[in-house]
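Enquirer: Please put together the full structure from these sequences, using the hints given.
Listed below are the residues making up each chain.
There are 2 protein chains.
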Amino acid sequence: MQAPPVQRLVTELGKLPGIGQRTAQRLAFHILRTSPEEANALADAIREVKERIRLCEVCFNLADEPRCRICQDERRDTATICVVEEPNDVISIERTHEFRGRYHVLGGALSPIDGVDPEDLKIAELFRRVDGGEVREVVVATNPTTTGEATALFIADGLRERAPSVTVTRLASGLPVGGDLEYADEVTLGRALAGRRAL
Amino acid sequence: MQAPPVQRLVTELGKLPGIGQRTAQRLAFHILRTSPEEANALADAIREVKERIRLCEVCFNLADEPRCRICQDERRDTATICVVEEPNDVISIERTHEFRGRYHVLGGALSPIDGVDPEDLKIAELFRRVDGGEVREVVVATNPTTTGEATALFIADGLRERAPSVTVTRLASGLPVGGDLEYADEVTLGRALAGRRAL
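Residue numbers (this note's numbering), protein chains in the order written: chain L, 1 to 199; chain U, 1001 to 1199.
There could be a bad hint or two in this list.
Claimed, not checked - Where chain U lies over chain L, by a calculated footprint (3+ residues, C-beta under 8 Å):
no.	stretch
1	5-11
2	29-39
As the list claims (entries may be wrong) - Estimated spans, in silico, between C-beta atoms of each pair:
no.	chain 1	residue 1	chain 2	residue 2	range
3	L	T34	U	D1180	32 to 40 Å
4	U	T1078	L	G115	57 to 65 Å
5	U	P1176	L	E137	54 to 62 Å
Since the hints were derived computationally from the structure, they do not count as laboratory data.
Beta carbons: idealized from backbone N, C-alpha and C, even for Gly.
Expert: Written out as structure tokens, the structure reads:
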């Protein structure tokens, strides 16, 4: 019983992840209430991002030029590469302000069940970057999941073979800061115990 | 450090209600991953809704023609009008499949503090519809809030004066179905008690 344009907008909004039917309806009504300028700014931003964003030719992060902002930044250390699964992982790590090297975005994690093989990820491209000889450390920051761990092991093996002088590291696993032992799952707690440090 | 088009999309998405910075980021990455066709379908739906949707000339519900779908539907009872605050309330009531009459959308609720006076709502228009003589019942379905109740009383008073033969009703207040007495606030519980029915 809704006017088709409203129904169409609700349907399109409902395709976004985590947006159910009711939220989509609420967002649609919000868009209906805002000024045309504001609504069009959102529509334009969606179109623009699809038209202008591509993958960085060096690290495969999102970019609006051939190279991403980080690869263009001369102050970033080229001897350290942090390997992540997706572009949003770059944002998460950048937020910590703890990493001053470069990135390499794989575009996913190895998962034979889902048909994701090494050729489907930017792994060969990572190896070629390391072949250049400038890299001294590769921080493998794939997710601490089954597929992320498998990907980390595959990359570590490949690097050991091709560039034995390069240090390969992995992010520490353990208790989240501010977390509570009571609520930690046993795998995380086991990792935290195994990785305990002297005080 | 994000490419400006991505940042712009995150900013625009973050203006939507209930969408924080992180959710906006997640939605933006989803849009980046989808096909251009799908992303443009969303952008087009936003533009189209702003261009084509207006208020129904009879009931002020959303419409893409001079009259909304419900006002165009000959099978809907013209003798019963359900008065609601906003167009989304129409959707909520339609979902129950319990109402076969017509609607009247006020466009808000009376709130002198926020400067919403009777002239700012479609109250005079409601009275004119009732003046036609065809209406026998007005169901006042404004929200069970202070402003919604004030609006309901104002409308009931006005109708009693202008059209004493018209029955004015209000939605029942009480415990939500499936709810638990333990979690009901005291006002709701008080209403439920006051409105108790013989079994």
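Enquirer: Work down the list of hints and note, for each, if the structure agrees.
Expert: Consistency of the hints with the structure:
no.	hint	result
1	5-11	holds (count 5)
2	29-39	holds (count 7)
3	L/T34 x U/D1180: 32 to 40 Å	holds (38 Å)
4	U/T1078 x L/G115: 57 to 65 Å	holds (59 Å)
5	U/P1176 x L/E137: 54 to 62 Å	holds (58 Å)
When each numbered hint is compared with the structure, no violation occurs for any of them.
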